[in-house]
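Colleague: With chain X's structure known, arrange chain E on it following the hints.
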Amino acid sequence: MSTKTTTMVHDVSEKSGRAIPTRTPRSRRVRMTLVRLTFILPLVLYLLIFYGYPLFYSIQISLEKYDLQAEITGVAAFAGLSNYIADFQDPTFKIAALHTLLFTVLSIVPQFLIGLALALFFSRRFPLSRLLRALFILPWLLPLIVSGTIWKWLFNESNGLIDQVLSSMHLVPAHFSWLTTPGWAFASLIFVNIWLGIPFNMVILYSGLQTIPQEFYEAAAIDGSSRWQAFRYITIPMLEPVIGIVLMLGFIYTIKVFDIIYVLTQGGPANDTQTFATWSYTLSFGQQLFGQGAAQANMILLISLVVALFYLRWSRRSAESLI
Amino acid sequence: MLLNRKAIRTRGATILGIVITFLMLFPVYWMLANSFETTQEMFSNPVPLVPTQVTFEPYLTVWQAQLPHLITTLTVSIGAACVAIVIATPAAYALAHFRLRVTILLVFVLLLAQMIPTVTLATPMFLIFNQFGLLNSTLGLILADSTYAVPFAVLILRAFFLSIPYELVQAAFVDGTGEWGAFFRIVLPLVVPGVITAGVFAFLFAWGDFIYGLTLSTNNTIQPISLSIYTYIGQFSDYWNNAMAVAVLASIPAAILLVLFQRYITAGLTAGALKG
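So the sequence lines, in the order shown, correspond to chains X and E. Per this note's numbering, residue 3 is the first one in the first sequence, and the count goes up by one each step. Per this note's numbering, residue 11 is the first one in the second sequence, and the count goes up by one each step.
Straight-line alpha carbon distances no greater than 20 Å define the calculated SDA-like cross-link-like pairs of lysine to any residue that follow:
1. E/Lys16 with X/Glu220
2. E/Lys16 with X/Arg127
3. E/Lys16 with X/Leu122
4. E/Lys16 with X/Ala223
5. X/Lys96 with X/Ala189
6. X/Lys67 with X/Ala79
7. E/Lys16 with X/Pro129
To spell it out: a stretch of chain X is covered by chain E in this simulated footprint if at least three of its residues, at any positions, have a beta carbon under 8 Å from a beta carbon of chain E; those stretches are:
8. 29-43
9. 46-55
10. 205-214
11. 277-290
Per label pair, the in silico range of CB-to-CB distance:
12. E/Arg111 with X/Gln268: 44 to 54 Å
13. X/Gln91 with E/Leu149: 36 to 46 Å
14. E/Gln63 with X/His177: 18 to 28 Å
15. X/Ser179 with E/Gln245: 13 to 23 Å
16. E/Ile206 with X/Tyr55: 22 to 32 Å
17. E/Gly188 with X/Thr213: 32 to 42 Å
18. X/Gln91 with E/Cys92: 39 to 49 Å
19. E/Val60 with X/Thr40: 58 to 68 Å
20. E/Pro175 with X/Gly76: 47 to 57 Å
21. X/His177 with E/Cys92: 42 to 52 Å
22. E/Val202 with X/Gln62: 41 to 51 Å
Read the hints as simulated data drawn from the structure, not as lab findings. These figures come from a predicted structure and were not determined experimentally. From the three backbone atoms N, C-alpha and C, an ideal C-beta is built for every residue, glycine too.
This is chain X alone, in the form it adopts within the complex (with noise of 0.2 Å):
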């Protein structure tokens, strides 16, 4: 409703501001335009300063022999894709790729559905629910690092609740390391992670939940739809567009997660929990290898970029499909 409103008013703008330039004399116009490209110079600079040029940097450093000694000297030799072909052909980088799809599909997904089925839960309106949908967002605002580390502690071997809990129903061994032991430190990772996560994809499924018409289900009541019935053929489809961009927006965040891993377990033991993120960190600032992890963190980015533009095909051809 609001962004109806909002587009309208836009429409309207951009027909009045059309209007004014052809009555003004073209020197006034140019002047016009220049004052008005004074508003954006600042963002351009800063974007081209701030992104443009460290993604240039990076780019050009995954090309190069950057090491410790070229960051000293600040003499790279060329070096053509060998740092990609490098990165390829470590037996790391198919154990990171493997995790780094593993955790992304794995949060993402759970994620997803508790964040719907809390959307639905609280979009019955039932007394004190606005006061627990503002205190469920209160995980997403600490700093990753905050979390981490109390999620460190319950994870704790020596003392930890998780462990107190489980040890003493008997379904783990007493003192059970979970952020050491391979295989359960990279589920205990993903166990925090998709709690990290189902804040934010509540709270977009929420209000994607609000701008459907109560009409809709009204009308569908009256037809004697079930339950299930409106939520199939009502809220999945009208809902649709919100679940392309929260599903889009989680992948994007997931596959660039650091912060926890780095946390948790430093990607151990034993690269257990090494995702594409977590070793290009180590290539570059662990081993000064600052080509390969240069060329790593770019091969994160592209994928981004890959899985963005099918969201682009995708959420016009749903638009269209709309309409």
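Modeller: Below, chain E alone, put in the same frame as chain X:
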């Protein structure tokens, strides 16, 4: 009878809602509860769900060492928020109301910029900052942390500007006000909520930063709080009550901002995702 059943159902929903929210927030509760425990109690098995003897000992222990890190983070976050607002607000206005040829291109670039992983930017940023002597400096961290927020701030502010009728701005020109004059005197006061939203998010993004703190400070002269927690649990791995106290200190701004600006935060979160 029917009303009665409905009343029971809503009450059931409230109870279920409280239970779910408690489960979700349990780690946050655990952080708070354990930050008031004595070290002795932290080693008891099981650690009590509610501290039996509330103590401020952990806070007293960490306070002095953490204060400089909190001040650093506060300075950096406020700085980054200011950079974001100063750069984003005029640009967002221009992208909303001026029919410039670059509008679509710039919006697209901003969307792409938001996708760039911080890890991708961190390596070149480190090497570039190294050349310009910006490593281990507050200014360097402010600039780096502002990258979290600028694209987001522009997109969110643009949505706010779009909701202001352009006629209002044009009316100002009649009085002979220039573009910038109209912007400051007429438009800006109308989008204060938008500026607050953008500022709150920019602050929170910078406050939560870890990667830039980790990569751009090579000695320990400037250490944001997130890095300080990380160092702390590495050094004193047995004193989890103290670690939780540091974590609580690092969470205070998020809690305060959530209480003060809950409406803005929810709206910003949604607008950032849906309109962007």
